[in-house]
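A.B. asks: Sequence:
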Amino acid sequence: PEKKLAYFAAIDNVKFRKPVIPGDQLRLEVKLLNYKLSMCKMHGQAFVDGDLAAEAVMIASIVDRK
Numbered sequence: 047p048e049k050k051l052a053y054f055a056a057i058d059n060v061k062f063r064k065p066v067i068p069g070d071q072l073r074l075e076v077k078l079l080n081y082k083l084s085m086c087k088m089h090g091q092a093f094v095d096g097d098l099a100a101e102a103v104m105i106a107s108i109v110d111r112k
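Here the sequence shown is numbered in the working numbering, starting from 47 and rising by one per residue.
In short, the hints are calculated from the structure, not lab data.
Please note that the accuracy of each hint is not assured.
Stated by the list, open to error - Derived DSBU-like pairs (lysine-lysine); straight-line CA-CA distance at most 30 Å:
id	residue 1	residue 2
1	82	50
2	87	61
3	87	64
4	64	77
Please put together the full structure from these sequences, using the hints given.
C.D. replies: Laid out in structure tokens, this is it:
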């Protein structure tokens, strides 16, 4: 992982479900939906105190770190 970088190409279907304030602890869950060549599609969710605070679908290009 330290030898790769992710460049986000798109962030779609973003939904903010609950306000997040300074001091809140976010727990992030990301599920890989598809990986082809150097592009990947993921679904991410952010939770605060077990409640869904935000979610989105992200597309990123994975490249070698130089």
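A.B. asks: Would you mind marking each hint as holding or not holding in the structure?
C.D. replies: Outcome of the hint check:
For the suggested pair residue 82 and residue 50, the alpha carbons sit about 16 Å apart, so the restraint of at most 30 Å is met. The suggested pairing of residue 87 with residue 61 holds, with an alpha-carbon distance near 17 Å, which does not exceed 30 Å. Straight-line distance between C-alpha atoms of residue 87 and residue 64 comes to about 24 Å, which keeps the hinted pair within the 30 Å bound. A threshold of 30 Å between alpha carbons decides the hint, and for residue 64 with residue 77 the separation of about 21 Å falls inside it, so the pair holds.
Figure legend: structure checked against the earlier numbered hints; every hint is met.
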